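**Q** Going down the list, the protein sequences come from chains A and R. FYI, in the working numbering the residues of the first sequence are 3 to 142. FYI, in the working numbering the residues of the second sequence are 3 to 142.
Simulated from the structure, these hints should not be mistaken for lab results. Hints are not guaranteed to be accurate.
Same chains, same names: a pair is fine if it fits in one copy or spans any two.
[To be verified] Calculated lysine to any residue pairs in the SDA-like style (CA-CA distance at most 20 Å, straight line):
(1) 51 / 137
(2) 69 / 42
(3) 114 / 66
(4) 97 / 31
(5) 118 / 77
(6) 26 / 102
(7) 114 / 124
(8) 26 / 39
(9) 118 / 131
(10) 118 / 52
(11) 51 / 71
(12) 26 / 73
(13) 97 / 61
What you are looking at is a predicted structure, and each value in this text was computed from that prediction instead of being measured.
Residues per chain, in single letters:
There are 2 protein chains.
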Amino acid sequence: MQITSRLTVAAHTLAVIEYFKNAKVTSDFIASSVGVNPVVIRRILLQLKDAGLIDVARGSGGATLKKQPRDITLLDIYRAVDCVEEGGLFHFHEKPNPDCPVGGRIHQALDKSLAKAQQAMEESLSQTTLADILKTFAPA
Amino acid sequence: MQITSRLTVAAHTLAVIEYFKNAKVTSDFIASSVGVNPVVIRRILLQLKDAGLIDVARGSGGATLKKQPRDITLLDIYRAVDCVEEGGLFHFHEKPNPDCPVGGRIHQALDKSLAKAQQAMEESLSQTTLADILKTFAPA
DNA sequence: TCAGTTGTAATCAGAAAGGTTACAACAATT
DNA sequence: AATTGTTGTAACCTTTCTGATTACAACTGA
């Protein structure tokens, strides 16, 4: 089981928007670079727009960054595209037996450690910015 | 999208095995504490056994820890039950366009950061042991 | 008005998880 | 040796979630 590819698709999308910022970057264009259906890209553009990371021109078309690449982190993207729902990264089994001394307190016993692990991952994501990612594509 | 509940089920399972170690702990008994089907527990017991964390008595029945609770970490459990496949925690979109300057190098641009995030999470999981978890169930 | 795009709904197929049934293999007990 | 309880394992089903795809209304600029 893995985290949705929406994170890598969204990061790819933002990289394309910035790399080709002198042209009109449409969902079709992005889709051809990412290799997915344009509608998938549009849905992600919507999420990135809702998160305040980009502007999308309705009608005329084209997406542009709303913030500097150095001010957009992987964590921002991760959160924007809802990789993980409210319940957290780890999925708890839902029916532990409340009448069992272990089952009744298993949540309490695990939640803190799992939350820490999730935070550690998010903290790590927050240390990479879109600017870092774009360095890979910079002309030599 | 979330990580399989196998991690929490497996941790719950090990806690039950240790907490009730003076009795015979069968898959049916564990299943009633966890609140899932006994076959699900058996599948997980198999994985924990393959990982060298427990012994399972075929025929007569009952599972026992093979290591000290302090020597079993959440990371050991996480790895034992295959929460994440080889490809890593993050799922990469599979068909980036190799002919696009961005699509052709997006993997290279993201892989290191994503691997770091995954490692940060695993490192955090490795800091909690079964002994820590059992403290919650210790008699007052 | 027209052409090109975005926003969005609806539907589909495929994958993966967990639930469930069933039963052979096995070990201890009688 | 037969019985009993349990594990190992296959098979099948249902549910859920992506992402793919089609379709089309809404919108913008030329």
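**Q** Determine for every hint whether it applies to the structure shown.
**A** Hints versus structure:
1. Proximity of residue 51 and residue 137 under a CA criterion of 20 Å is satisfied in neither setting, with 24 Å inside one chain copy and 46 Å between copies.
2. Taking the shortest Cα distances, residue 69 and residue 42 never come within 20 Å of each other, neither inside one copy (23 Å) nor across copies (48 Å).
3. For the homomeric pair residue 114 and residue 66, neither the shortest alpha-carbon distance inside one copy (39 Å) nor that between copies (26 Å) is at most 20 Å.
4. With identical chains, the CA atoms of residue 97 and residue 31 are at most 20 Å apart between copies only, with a shortest distance of 14 Å across copies and 46 Å within one.
5. Taking the closest pair of Cα atoms, residue 118 and residue 77 come within 20 Å of each other both inside a single copy (16 Å) and across two copies (13 Å).
6. In this assembly of identical chains, the alpha carbons of residue 26 and residue 102 lie at most 20 Å apart only when taken from different copies (16 Å versus 61 Å within one copy).
7. For the homomeric pair residue 114 and residue 124, the shortest alpha-carbon distances inside one copy (15 Å) and between copies (15 Å) are both at most 20 Å.
8. Taking the shortest Cα distances, residue 26 and residue 39 sit within 20 Å of each other inside one copy (18 Å), while across copies they are farther apart (54 Å).
9. Within a single copy, residue 118 and residue 131 get their C-alpha atoms only as close as 22 Å, which misses the 20 Å cut-off; across copies the closest is 14 Å, which meets it.
10. Proximity of residue 118 to residue 52 under the C-alpha cut-off of 20 Å is found in neither arrangement, the shortest distances being 28 Å within a copy and 27 Å between copies.
11. For the homomeric pair residue 51 and residue 71, the shortest alpha-carbon distance inside one copy (15 Å) is at most 20 Å, but the shortest distance between copies (48 Å) is not.
12. Taking the shortest alpha-carbon separations for residue 26 and residue 73, neither the intra-copy value of 22 Å nor the inter-copy value of 57 Å comes in at or below 20 Å.
13. With identical chains, the CA atoms of residue 97 and residue 61 are never at most 20 Å apart, being 49 Å at best within one copy and 28 Å at best between copies.
Taken one by one, the earlier hints fail for this structure at numbers 1, 2, 3, 10, 12, 13, listed in ascending order.
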